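Participant: Mapping of the sequence shown onto the working numbering: residues 1 to 214, in sequence order.
One should not assume that every hint holds.
What the hints assert, rightly or not - Straight-line C-alpha distance at most 30 Å; calculated BS3-like pairs for lysine-lysine: (1) Lys195 <-> Lys179; (2) Lys175 <-> Lys195; (3) Lys125 <-> Lys195; (4) Lys107 <-> Lys195.
If you're looking for bench data, these hints aren't it; they were derived computationally from the structure. Owing to the predicted nature of the structure, the values given are computational and were not obtained by experimental measurement.
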Amino acid sequence: MGQIVVAICGVTLALCGVLIAWNNFRRAHSIVIRLLEVNSSTVEQVGANNQDRFNQLVVRLMNVGMPLSSATIHVRGLTPEGWLSVQLHPIRNGSILANADEFTLEKGMVAEFRLRSFEIDEWAKATVGQLRSASSLCVTVSSNGHQADEFAIGRCAWRMRWNRIAFRLNWEFRKRLRKWGWNRIRDCDVLPLSKRAGMRFQLDLFFSAFAGQK
């Protein structure tokens with residue numbers, strides 16, 4: 001009986017090893033990208049935009065598949081005037097890479113791409129503002145001029161409404177925790193938030209800064 005149990009355990013471990021090896025092989029030879037974060041903020045930075053405030057959009061993603069050479073990121077959407085897109089630039093240590101056209105998204109790399117409002121041409125700002133009204137937005141990852149992956153971020157009314165309710169309840173719960181003296185518990189949430197709805201809110205927040213411009 002003991003030998004049978006040992007044999008079963010050995011076969012199970014061998015199968016697990018084969019599955020892990022196959023999964024690693026598949027990832028090494030296929031495109032697997034994870035969209036981690038989309039964040040919009042108003043920034044005042046020394047040495048940028050004459051130290052005036054500007055709007056900033058940052059997209060963070062992780063490549064867990066094969067390396068992608070000449071990787072670029074676009075946010076595009078379908079508006080009444082057709083498909084519009086805007087490109088974000090890869091950054092490292094807070095600065096845009098000098099050879100951005102030759103940027104390689106290596107396997108396991110977490111990369112940040114940024115777009116700042118003062119980097120957009122005046123004639124293009126009205127076009128960027130129209131993305132605020134797009135029913136569906138997409139974060140597109142391209143390599144060598146060919147689309148590698150795409151993440152659809154649509155406007156879902158019930159998910160956004162859920163996020164507003166969950167955010168208020170979580171905020172009130174954290175206030176109660178601080179009132180009770182439990183300051184060490186900071187990231188305790190009562191209700192989960194919809195990640196995609198949060199990303200759409202951040203995109204709308206950035207594009208709304210250009211709405212109405214001509």
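Participant: If a hint holds in the structure, say so; if it doesn't, say that too.
Facilitator: Status of the hints after comparison with the structure:
no.: 1; hint: Lys195 <-> Lys179; in the structure: holds (28 Å)
no.: 2; hint: Lys175 <-> Lys195; in the structure: holds (23 Å)
no.: 3; hint: Lys125 <-> Lys195; in the structure: holds (27 Å)
no.: 4; hint: Lys107 <-> Lys195; in the structure: holds (24 Å)
The structure meets every hint from the earlier list without exception.
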